[in-house]
Structures are given as C-alpha cells and as structure tokens.
Amino acid sequence: MPIEFPILNFFALSPIIVVIVLALIVMVVDMLSQDKTALGYLSALGLLGALIPCVTLLNQTKSPTFQNMVVSDGYAVVFYIIFIIAALLSILIALTYLEERGMQQGEYYILILLSTCGMMLMAASTDLIVTFLGLEIMSIALYVLAGFNRRLISSGEAGLKYFLLGAFASAFFLYGVAFIYGATGSTNIHDIGTWFTDNPSYQSNPIALVGLALLIIGFAFKVAAVPFHWWTPDVYHGAPTSATAFMAVGAKAAGFAALVRILSISFGGVFTVQWQVAISLLAVITMTGGNIAALAQKDVKRMLAYSSIAHAGYLLVGVAALPPTGDELYRVQAVSGLLLYLMSYTFINIGAFAVVALLEKRGEIGTKLSDYTALSTRQPFIAFVMLLFMFSLTGIPPFIGFWGKWYVFWAAVDAQLSWLAAIGMINSAISAFYYLSVVVQMYMRTEPAGDEAVPIALPAPIVVTVAVTAMFTLLFGLWPTPLIDLMSLGMFG
Amino acid sequence: MIGAVPLSYYLLLSAILFTIGAGGVLIRRNAIIILMCVEMMMNAVNLTFVAFSSYLDSATGQIFVFMIMVVAAVEVAVGLALLVELNRHKEAVNIDEFNSLKG
Amino acid sequence: MTNLIWLVIALPLAGALFNGIFGRRVGYQVVAKVAPTTVFLAFLVGLGGAFETYARHGEAQLVTLWTWAEIGELNIPISFLVDPLSMTMVLVVTGVGFLIHIYATDYMVHHHHGEVHPDRDFARFFAFLNLFIASMLVLVLGDNYLMMFIGWELVGACSYLLIGFWHDRPDDPQAAIEVEGGESVEVAPLLSPAASGMKAFVVNRIGDVGFALGVFLIWTTFGTLQFDQLFSRIASSAEMYRESALHGDFTVISAIALLLFIGAMGKSAQFLLYVWLPDAMAGPTPVSALIHAATMVTAGVYMIVRSNVIYASAPNVSFFVAVVGAFTSFFAATIALVQVDLKRVLAYSTVSQLGYMFMAVGVGAYTAGIFHLVTHAFFKACLFLAAGSVMHALGDVIDIRRMGGLRKKMPHTAMTFYLGGLALAGFPLTAGFFSKDEILAKAFEYSPLLWGIGIVTAGMTAFYTFRAIFLAFEGEPRDQELYDHAHENRLAVTGPLWILAVLAIFGGLLGLPAPVLHELGIDVPHVMENWLHPIIQEVGHHEEHHPSLTTELILLASSGGLAVISILVAYYFYMINRSIPQTLARSTRPLFALLVNKYYIDELYNTVFVEPALTLSNTMSRGIDQTLIDGIVDGSAYGIAELGKYLSQLQSGFISRYALATFIGVLFLVGYFFLLGQFPNWIN
Amino acid sequence: MILTFLLVVPIIGAISLIFLPRENKQLINWFAFAVTVVNVVISLHLYLLYDVSSEGYQFTLKIAWIPSLNVYYHIGIDGLSVFLILLTTFLSAIAVISSWTAIDEQVKEYMALMLLLETAVIGVFISLDLFLFYLFWEASLIPMALLIGRWGGKDRIYASIKFILYTMSGSALMLVAAIVVYNFGDGVNPTSDLPTLVAHSHLISEDMQKLLFFAFILAFSVKVPLFPLHTWLPAAHVQAPTAGSIILAGVLLKLGTYSMMRFAIPLFPKAVAFWSPLLVTLAVIGILYGALVALVQDDVKKLVAYSSVAHMGFVVLGIFVMDQNGMMSRQAMSAAVLQMVNHGLSTGMLFFLVGVLYERRHTREFSQYGGIWVKVPVFGSFFILAAFSSVGLPGLNGFVGEFLILMGTFSRNPVAALFATFGIVLAAWYILTAVRKILFGPFNPANNNLTDMNPREIGISLAFIIPCFFIGFFPNTLLKIINPSTESIASLVDTAILIVSK
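Protein chains in written order, with this note's numbering: chain A, 273 to 765; chain B, 54 to 156; chain C, 8 to 691; chain D, 174 to 675.
Don't read these hints as lab results, they were simulated from the structure. In this text the structure is predicted, and so the values were computed from the model without any measurement. Watch out, some of these pointers could steer you wrong.
[Unchecked claim] Taking lysine-lysine pairs in the BS3-like style, the calculated list, with each CA pair at most 30 Å apart, reads:
#1 C:K40 - D:K548
#2 B:K155 - A:K633
#3 A:K640 - D:K327
#4 C:K652 - B:K155
#5 B:K155 - A:K640
#6 A:K570 - C:K652
#7 C:K652 - A:K633
#8 B:K143 - A:K570
#9 A:K308 - B:K143
#10 A:K570 - A:K633
#11 C:K652 - A:K640
#12 A:K633 - A:K308
Based on the provided sequences and hints, a complete structural model is requested.
Here is the structure:
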C-alpha cells in the first residue's frame, strides 16, 4: 500500500505562517532584549509584512490544502487583512499605553500575535477541528490579555470572567461539534454539507439540529450576541484598553468568519429557514439589548462594550441574510456586506478605543463621560476624530460606518428580511442617543473642565492610529468604492 | 465490546456527565471546582466523540478527542494562572467575590 | 391717458416710497408737499381717464401690464379696467383723498405758541396715507378678482397701520355717563390704537376668508377671474341661475355671491363684522375721514356693483344683502343715538349709511348705491374733517360732553359741520337727500318693509346728527378751560372743509330724480345713471313698473319732511328742554345702557370667540404639544433609557449569574431547534 | 460641473478655515462670508444659464460612484430645485454675515460648520441618486445639531439631541425603504439612479408602494415638520443661534417638502392617492394648530417656530391635494414650490430680526419689549414688513404662495381649502399680536439702551425684503421655471392613477 503524502500548500497559509514565525521571533527577542517597546515595533512591522502575502493571495484562486482542513480563498484572505490590521492598530495603541501603565512586557505582543493566528485559522478552516483549535488559540491568548494588567484587580477579574465563561461556552460548542460529527460522520464542513444534501431524510434529525444549535451558541458567545453576551461589558471594561480594542474587533470578526462559513457551507441547504429565524431573533435581541443597555452607561469604555454587542446584532442581520447555497449572487451580497461591515467596524472601533486609551487615567479603568467635557476646546483634533467615530458608529453618512450598515441591510432586504433591516435602522436611531452623548460632552458642554483639565499627552503611535482610522472613516465614507470592490473579492472558494 | 452496549447508552451517559458538569458550573462558587466542572463537560464531550467514532468507524472523532484534551490542559494552566494572579489582590476563590465590574 | 392709467397707482406709490424711505431726512415740509402732490397728479390722470371713457361712451378698456401668474389653465394678468365705475371710484378716491391729504398736512402739525411741531412720525403718516391711496386704486382699477383681492387686502393693511398710527398710546378710559337723578352708566374704555388696528385687520381677514373662498369658487366653476370673461360666461346663463334661485335653489352663483358678500361685510362693516369700525376711530382723524368713511369701507359696495351680474343672478343672496344692509343701518343708528364721542357718532352713522348702500345694491339699485357712495364720501369726509378740526383745536378732546358753544370760536368748522350734517340728515335738496331718497324709493318698490326700516333710520340719523351738532357747537361751553383754548384752524384745514361742504350740498346734482322731475316737466339727466349704465347688465325682465308720480312725491316729501322734523326734535331736546333726554335715559335705563354699551356685542364676541380661541390655544400648547406629543416623544425616550438602566442592572457582575443566564439562553436555543426537529413544519 | 462647484466651494472654504489664525476673528468672518458669496455668485450664474424652455434636468453630471452596485454621483437640477438652491446660497451668506457679531466663541468651528451645512443642503437639492441624496440628507443633521448644541441657548443640548433623534428616528425607515426601491432597480439590476427608478416605478406593486411611500414620507414629514411630528421645531428654534434658526427655518424644513416632491411622489406614484387624504388632513390641522399654538407663546422665536408649522402646512397641502379621482392640482403644487422659497425668505427674515433684538437685549420674552418702534424705527419698519410677508399680504411673496395654494386646493378639495383659509385669519392674529407686543404699546423702559440697526443689519434686511417684493410682484418669473417640473410630477401621478384604475 503506497503511502500517500499529503499535498501541503504552505504558500496558501503563508500569512498565518508569517504571523506564527513573527510570534516566535518576538518570543526569542524578548528573552534577549530589554527594550520591550522595540518588540512592539517589531511586531507591528512584521504584521505589515504579513499583509504582503495577503495581497498576493487575493489574486489567486481558491487553494484548499492540508487535507482540506484549511482553504485560502478570498474570504479567508480578506479576514486575514482585517485581523492583521486590527492587531497592528491595537499594537500601536499598546506601545505607549502599556509603557505609561508599567506593564510593558514582551508577552503582550506575543499574545496578540498568537491570538491573531488563531483568528486567521478560524477564517481559513474548513474543518471543525481546525475551527476549534483556532478558536481556542485565539481565546486563550485573549483570556490572558484581558487579565494582563496585574496592577488592577479589575483586569484580573476581567480575565477570570472571560476565561470561565469562555471555557463554559467552549464546552457547549464542542458538544455541538460532537453531535454534528455523530449525525454526519465528518468534521469537514464541505462533507457535512454534502451529507445533508445526500440524505434529506436526516434533515430533521434532532441530533444534528441540537448540534447546530450548540454550534451557533458557541459562536454567539464569541461574537457577544445576546443572551450569551454577559461577559462582554465586564471583560471589555476591565481589560487593558489596547487589548479591548483588539478583542472587540478581532474576536468578533473571527467568530463571524467561522460562523458564516460553516452556516453557508454546511447548513446552506438544510434547516435554512430554521436557522434564519433563530439568527434573526438573536439579531433582534442583540441589537436591541446592546443598544438599550448602552444608553445607561456613564463610562465610555463600557458604553463601547455594549455598543459592540449591538454591532454584533447588526452583523447577525447579515448572517440571517445568508441565503441557501447555489444562489451565489445573493450570497455575495451578504458576505460582502458582512466583510465591509467588519472592515469598517475594525477601523472605527479601534479608533474610538484609541481615544479612550488616550483619555484613560493611570490606575483607573475606563473613561467617564465627564472626562470628555469640552474636549473640543482642550484637544480639538482628538475631539474631532472621536466625533467622526461616534457618528460613524451610529451609521450616519458620509462616514464609512454607514456603508457597512447599508450593505448588510441591503442583503437583508434582498433576502426578504426587510423587517429585520427596519428593526436595525430603528436601533440605529436609538444608538444615536448614546453616541451623541459623547459628542454632546465634547462639543456642547462648556462647563469649566475642573480637574479634567489635566493636559492630555499625545503619544505619536496613538495619534497615528487615530489619524489613520479617522482618514479611513471619512475618505472611504465619501468614496467607498475601493473598499466595496475589495470586499467583493472576499468570496468562498 | 461496543456492539454489546448500544450507542444510546454512551450518549446518555455523556449527556448526564455533561449536565452534571454544567450544573456544577452553575451551582458552585469555587473557581477551582468550576474549572473542574468545565473539564467534566469537556470529558463528556470526549466520551461522545469516542462513542460516535466507534459507532461510525471513523478516526476523526478520536483525533478530536486528543485536541480537546490538549486544549483542556492549556485552559487549566491559564485558568489557574489567572486565579493565582487574582489572589495577589484578593485572597478568595469564591468567584462571586470578584464583581467590581458590573452595570 | 387710459393707457397711462397705471400712473394713478404708481404716483401715490412713489410718494409712499419716497416718504417712507427719505421722509425723515428731508423734513416734514417736503413730505407735506410731495404727498398731496402725488395724489393730485393721480387725480388729474384719473380725470383724463374719465374724460376718455366718457368720450368712448363708457366703453371699457383694458390696460394689461404683465402676467402675474400662469400655471396650467390659470392665467392671471396684472391689468386694469378703465370704465365708468372704476373711473368714478378713482375720482372719488383721489379727489377726496387729495383734499384729505391737504387737510392732514396741517392736522398732523401742532402749532404751539408760534412754534411748529410736526407729528413725531409725520413722514410715516403720509407714506401710509399715500400707500393707502395706491392700494385703494388697485382695488377699484383691477380687472379681475385677484387684483381686487390684492387691493382688498392692501387697504386692510394700510387701515391697520393707520389706525395704529399712534401705536404707543394706551387704552383710553371713558368717564361714565351721568344720568340726572339716576345711576350713571359705565362706558367701556376705548381700545388703544394698536389694539384697534389689530382688531380691524383680524376682523377684516375673517371677511377676507369669505371673499377668497368666493374667488376660489369663481375660478373653480368658471375657470377665469377676469371680469369681462366671467361676466359674459355668467350672463349667457344668468336667466337660468336667476330662475332656479327664485325657486329656492342655492345655486353656485348664489354661493359665490354669498361668499363675496361675507368679504364685503368685513370690509364695509356690516352687521356681524362691523365691530372694528367704531374702534378704528382711534386712528388720526384724516384717516377716519378717508379710509373709514369715504373710501375703503365702501369697497364692498363697489364690489357688489362691479359684480352686479352675479348678484342679479342670485336674487336670494341679493335679498339677504338688502336685509343685512337694512338691519345694519337701523342697528347702527340706534347706537349712534347715545354715543358721547363725536367721532364714534360719525362712525356708527357710517356703518348705518353703508347699510343704506347695501340695501340699495341688494334691491338691485346699483346706481343708487354708487350715488350714495359718492355723496356719502363728500358729506362724511366733511363731517369727519370738521370733527377733526374740533379735536385739533381742543387738544384731541372728542367727548361732546366737554364741548358746547364752539360755533363762536370756530365758525368755519361749525358751518361746514352744519352743512355736512344736513346732507347726512337728508335735509331736502342736499346731496344726501337725493341719494338717500333714491335708495328709499327703490327699496319701496322692492318691499315697503325695507322702506319702513329705511325711513325710520333716516329719522334717527337726522336726530343724532343734530344732537351732536347742538351739543358740540351750540349752547354754553361745558368745559370753560377747553373752550378758552379753542381756536379756528388754518386754511389747510378749513379749505378742504369748505370744498367738501359745497360738494355735500350740491353733489345731488349728479343724481337728480330724473323721472319725477320729468313728470313734473323738468328735463334733467340723471348723470350717475347715464354714466354707469354700461356696466350694469340687465338680468331678468324687469317689468318697468314705476310707482305713480304721487307715490314718488309722497316718498320724497316724507323723507325730506322727516329729516326736518327730526332736526327740530333734536333742537327741542338739546337746545330748549334739556331735561327730556335725561328723563328718557332715566326712564328707559336698561335700554339706554344697552345702547351706550353697543348692545354688548364686543363683549359677546370676546366671550364667544376670542376667549375660547385663546383657551383652546393654551390648552393645545400645554395639553397637546407639551403634554401629549412631547409626553409620547420624551416619554418613549425616557422609557427606553429606564429600560436601559434596568438591563444594565441585570449585568450584576456575578459570574455565577452570567453562567446561569447563558445556560438559560442555551436551553432556549437548543429547545427551539429540538422542537423544530420534532415538528419540522412548524416554521415555513 | 457647475453644480459640483456649488458643493465643493464651501467644503474647501471649511477646510481652509482650519489654517486661519484662531485669534483673527475678523479674517475668519470675512473669509467665510467671501466663500458664501462665491456660492451665491455661482448659483446666480446657474440661474442665468438655466434654460427655461427645456424640460427635465439640467447641468446634470453622472459619474459612477460605486460602479459595481449601480450607485451614482448623479446630480442635476430642474425647476423644483433651482430656486431652492438660490435660496440656500443666499441664506447661507446671510447666516454667515448675521453671525459676525452674534458669535464670539470658536468662530472658526462655527463658520466651518455653517459652510459644511451649506454643502449638505445643496447636496440634497441636487442629488439625483437615492443614496447620494440620503448621504446629504443625513449629513445635514450633524452641522445643524452642533450649531444648536454648541452655540445655542440655555437648553441647547436638549434641543440639539431632540432635533437629531427626532429626525433620525424619522428617517430610519426611509433608508430601508430606499434599499428596497434600490433593490427593485430597473427590474433587472439594482440601481439607485433616480430617473431610472422613476421610469420603472410601475414595476412595484401598489401595496408595496403604499408601504414604501409611508416610510419615505415619515422621514420627510418630521423634517417639514408636519403635525404631529413638529415638537422638535420649537425647541430647536428657541435654542438655536440666530443664523441657525435662519438656516433651519429657511432651508432645512424645505428639505422635507422638496424631497416629498422629488422622491416620494415620483418613486411611488401609485401610493399618492392612498396617502393624500391623510397628509392633506394633517397639513390642514397643522395650519390651524400651528397658528393657534403660536398665538399664546411668550417667546418670539417660539411663535415664529409655530408659524413655520402652519406655513409648511400650506406647502404640504399644496403638494398633496387631489380630488376624488386622484387628480393633483398643478396650481397648488407649483405654488407650493414657490411657497417654500417664500417661507424661507419671510421666516428667515423674522428670525434674523428677532436675532437683532436678542443680540442687544439677550431676551426673547415678549414682556421685555413693548413700544420699541419709537426707539428703533428702522428695525420696526422691517419687522412689520417681515410680518406682512409672513401673514401673506399682497405685494409681498407670502401672498402669492398661499393664495395660489388655496385656490388650487379649492378646485380639488373645497373642504380642506375652507379650513386652511381660516389659517390666514389666525396668521394675522398671531403675527400682529407679536408686532403689537414688541413694537407697539407704551414704551418699556427696559429698552432704553436699545440701538437701531446698523448698516450691516439694514443691508441684510434689504437683502431679505427686496426678493420678497420681487416675488410678490412678479411671481411668474419663478413660476414659469417651476411649472414644467411640477407638471411632470403631477402627470406621473395621473398616469399611475390611470394604470391602477385599469
């Protein structure tokens, strides 16, 4: 019996490999060097380098590899880009953020890089085993990142909460995978899909259905969908702001990356109406719950945490709009919408968290609304970019946030889910209230700043971050075409 | 021999184990015990996998079990580390004593 | 001249602009020259237009300037109609207007110990006055209902501005009327000029709503607002409309006529909407003379005569017009009997005389209506200006209870007031006698009852006019200080007075009762009737049933005789036996109080319309806007925010609760999918 | 291209402002004014180049914005928009110059926002693409909200938030509806190009159109504002700085009525007949209600704000009135467009004049004034003229619009016209009450130090009142340009009615 060597296309995985190698290099340099800030720059540079193979891969056709365990299609690559950008920007924030708070350690950057690896794996995986591995690589690194600030109990508490609940959710996810495996005899998502189409009589198999439910729950937890969102506000609030920025966009994007791929490939032809209804309902309560709870927040960091829940809701609208396979044209819409949304959300949200990081006082967590009072006179530039981020998060044109929402809702409309889009838009209007309250503080309140008048230092890396994200928000808001064209490349292989 | 015991028995057992684990997570307040309960849930999953693997005559399930075991080990390591870290601030293992973040 | 007829409007308008913009800078003397000059020039142009019209034998001519609005089938030009009726009005407006302008140049100046103090807003006054002339001319010259409405509204605005001219003056409290041997009768304070102006504008606008709706209905029904097109379209089926109206149907023509008449009720102060006119006396006296006696208030009469085809086709509405006119004339006359404010006596007499005119046009005597309009312009302007002359001399005192014996101090004023009063009273052979008699004669033909009301009113008119004259100019001065202060005014005042007085006496020549005189063998033309003939369209077959000569003569004699008798009665009451009025007042105290308080109509309107409207407004502002709508808006925002607080509290910080909540979520979702597995057709 | 200049000039101006020295307010003031004047000149040029004889859109420019999705940068104007653009550039210039003395803090930001607002508003008026329109529509919120919230009165934050939330909630559903329409596209491909969509509007079923029309109209009605969605307006006006009020009343409200005519009716002609009765009823209620509520306000700006509710009611009435057979009134519709311009001028002027007083006395309570005409004759004269314009006096602009709207309405729906006509009585009542309380009556000594208008203010007032007179005398100059556009809109509805009835 001849031994078949698996065909291993390392090039297809080159971005992931670059990031892993980068992590290892940083780990080694960490042991040798005392200049931890340099590690940050090294990681950032490396991540920039990792974008290069991404660009090359974009123009390649799909290339499943490693025994069909992973695929490097446009979808995966666009997600790579999202993750890398998220990691890069959050590292830029971290450089001085950690320094100022005395937690400048090499591990931080390593963890970010490893977590990024996990996310990229999730996006690329076509096998539930790899998905699980990616999920855990990402999550475990994030647990540590959340608890990274050892000087503050709240950071440790955030880590613990994230960890315990995350592990709990992982167990459900795994149980779901087990059921699906039991029902179909495979963990490969294509095989699962094929099996269901071949065996229509199993379509209402309770084991498979419960498995699907548990699978959705696992991802719903990661993307912070109501009612699996409980960890989110506390973790986002307690974690170091630079890490929050990263997990708010990265983990969410990764969760959606895997969820969308699995749902459309494995379950694209079965239970579609069922999971569409379930996801729609999740979307409704997630949007609404996140937005309404955000209204009550007095802390901007925490408010952004709730807002990230709400945004998960809008994204779920896009997921609900994923129609059955076969209708490629329509799926392009939903997927492009989700990608566009996630890409724009990455920039906006990291920008907003960067501003939070700037204003956060040492030894405290978060920034109270009152910290923003009259920011427009104290720091006109920072106030202005924050205004852009807030309006962009609300989804008001001409900022990029609008186009993400627009595209996702278009997909929903096309999938006969106009009512969902309508609820989404009503939620947008509700969300305006709390986003606006930041603007109100910055621009409309003119009371003497009092002790907030402490001069705000403007470290160069963070300023670069906000400047870049603000430019992105505004320019692509006015001219979204390049971004939309890029997203249309992000299709499954 | 697996043939003697029907699949449903394994599934039922693993379901019971999973439920006990989940129940433990919900009921207990000691962080370490909760961690153990999560482990128990994972092991219940492992049992399911193995049972299916045997039933389906497919090795994938068993590979998955290995992965799960590795991950579980990593999780424990990280979890305990977090707890140790937290204990520097507050000598407690009762998870409900850590609730400075809320609202 | 006809093609330059727009100059009639442009000249006073230019005067208004000049005085309004530069008046303050160039000084009052320049203003005092510019303002009357423009009106005089306009008069000359009007005169030219009138001669040309006469030369054309009254044939109408259109002067179109530009298209005002054209949308779809709607086309409204800015164009003027030069015909006998509009020329009559132009001459009255510019002629009387010019005299009043001259008068005002002195009236608006106070001579104090040789120093000359023009009114603070001398220029503004003449700007408004000029503007009024221009507006009034738009009203009478316009050749379509839109132009008429434009003028209609503009004269209202000018009236508003001029009534409120002394805008910073407060309400004027009035002394109670003493009744010998009885309780005195309280008199409500006079409204401030500002409030009076506003009242005039708002009440007029109520009428304007009717007018506007009438215009809309015309357009909707006939697709045109041009007089010539419209009237020819109606005329073709006028007989049909007339017949069905006579059979009790309320035709569309009737509706148009009624709606337009509502506008006339406002502008011409007929019953229900007359309440603004007495208060309009708060304006400077030249304004009262020009706007609230001679010209603007007669716009309603002009409108009906202009629309005679419509009214002739709607006999039911015409009857209503006549009844309203007759009632108003009587009603206002009763109030005038007891007023103590000289201008208000004249104001109520104006309302009353306008009632006469409406009675005339209501019974189809359009020429008689215009005739009375013209003579009334003469004698009422004369009376008002004379009253103003008295005021000017007495330092703005107008209460006849403080006058007396002024004839000795102010012979010209007294004389002209006498002459104007005679005309108003219908003293035989004065202008008022002929015009009033013509109306009464026509009314008698139409219905002896209307005639009855008219003749009684005529008696009252003569009585109250001379009551005022005797109280003011005869007898002993009741306020010696004022009396000593009084003096005759300058030529600028007395000159126009005399001209108007002469016109008031001899204006009757325009409308001598030709048929009667013809029977008596004297052949004179009825100038007015011949002149206006082209614009009156005959509708329906008038059986030319002239009353017999005897009846005509009896009618003439009775009205003339009654005037004389009434004057004598007034003489007896106020010159010879002064206790009689007091006794009467005492013995009929409730009636007296009712009349003094003008039937409490103002109070009634306040209670029924103004107060409830304000209450409603307040209720809506607080109840609907602030409580209901904002309650829902702010309430839902507040509710959502509270919900947010509640949701936020669910985020308790306890991991165990989070785990439980997550688990519950798991149960729901798993349960949902599990149930779907059992009942696959549940959703679809 | 000329239209693009209109859009871009203020943006460039706003960006350039950043580089001007903050301390040199004089320079900033002049610069901002110069930018707005440039736009006035461009828009006048536009008007002069406008071809009255040709129908359809002019100065169009169509560039693919998002080519893959058939979303275009498609701009152009017709008779509907040309005067609104003139009004916008004109009022923007006035708003800037009127702020010279009123605004003292953060002048740079203020002027930049003013300029951005101008761009957004012009953008709405020239957009011929659904999403381009939506972009400008929503973008116009931000500068206005900031202007109110930063430079407004005591309760400015409440007013600002209320303004933005009200409007956003209103337009939430519109976006979804717009996406639905876009998705229908030309029946094959989605597109947001307005002319294409209008040409294919018959593809959408009547029931669907009713639904979508509602979503659009809801957004527009909030902006107009139509009773009972008007309560943000008094709050916003009272708190807004003078220039903010001028722009808000003068231009922003017109976005609503303009969009009704540009988008709601042509896109959903089959739905108009269904919703017309409701809209007409609400418009008439608004006319009477706004007037009655204005009557009892003790704040001048509130009074003017409620008068706007009434006046804009006339516009909505004119747009939507139809007879039982679904025939629209061309007269009322054209007049409604004209009335938009009229209201912008007259109400803008009233707000400006109130601002003149406020700058001197820092109060808008009626009780603080009284008899001041004696003290400030020039101001008083202009105030009376503005009041007359607002009250619809012939010779001034307001009359033309109101009269023709009412006449057109009467020909289609006499009952609505009957009630609406009573609005002019109430209008006289409340406006003259305001005149009386401020200018007339015994002099209130609190105003002893009141000074009359300076040449700049007189100049602004003249700039307001001269167009008012011009429109009053020669409305046909405007109407002949407006007519073809309203005709085409009305005929769209007529055709749709024919199709539906078949």
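Verification of the supplied hints:
1. C:K40 - D:K548: Distance of about 27 Å is within 30 Å: holds.
2. B:K155 - A:K633: At roughly 20 Å apart (the allowed maximum being 30 Å), K633 (chain A) and K155 (chain B) satisfy the hint.
3. A:K640 - D:K327: 24 Å, holds
4. C:K652 - B:K155: Since the Cα atoms of K652 (chain C) and K155 (chain B) sit roughly 12 Å apart, the hinted pair holds (cutoff 30 Å).
5. B:K155 - A:K640: It holds: about 15 Å lies between the C-alpha atoms, which stays within 30 Å.
6. A:K570 - C:K652: 11 Å, holds
7. C:K652 - A:K633: Between K652 (chain C) and K633 (chain A) the Cα gap is close to 26 Å, so the pair holds against 30 Å.
8. B:K143 - A:K570: Measuring from Cα to Cα gives roughly 27 Å; hence the hint holds.
9. A:K308 - B:K143: Holds. K308 (chain A) to K143 (chain B) sits at ~29 Å (cutoff 30 Å).
10. A:K570 - A:K633: Given that 30 Å is the threshold and the Cα spacing comes to 16 Å, the pair holds.
11. C:K652 - A:K640: Distance ~17 Å between K652 (chain C) and K640 (chain A) Cα, so the pair holds.
12. A:K633 - A:K308: At roughly 22 Å apart (the allowed maximum being 30 Å), K308 (chain A) and K633 (chain A) satisfy the hint.
Checked against the numbered hints above, the structure breaks none of them.
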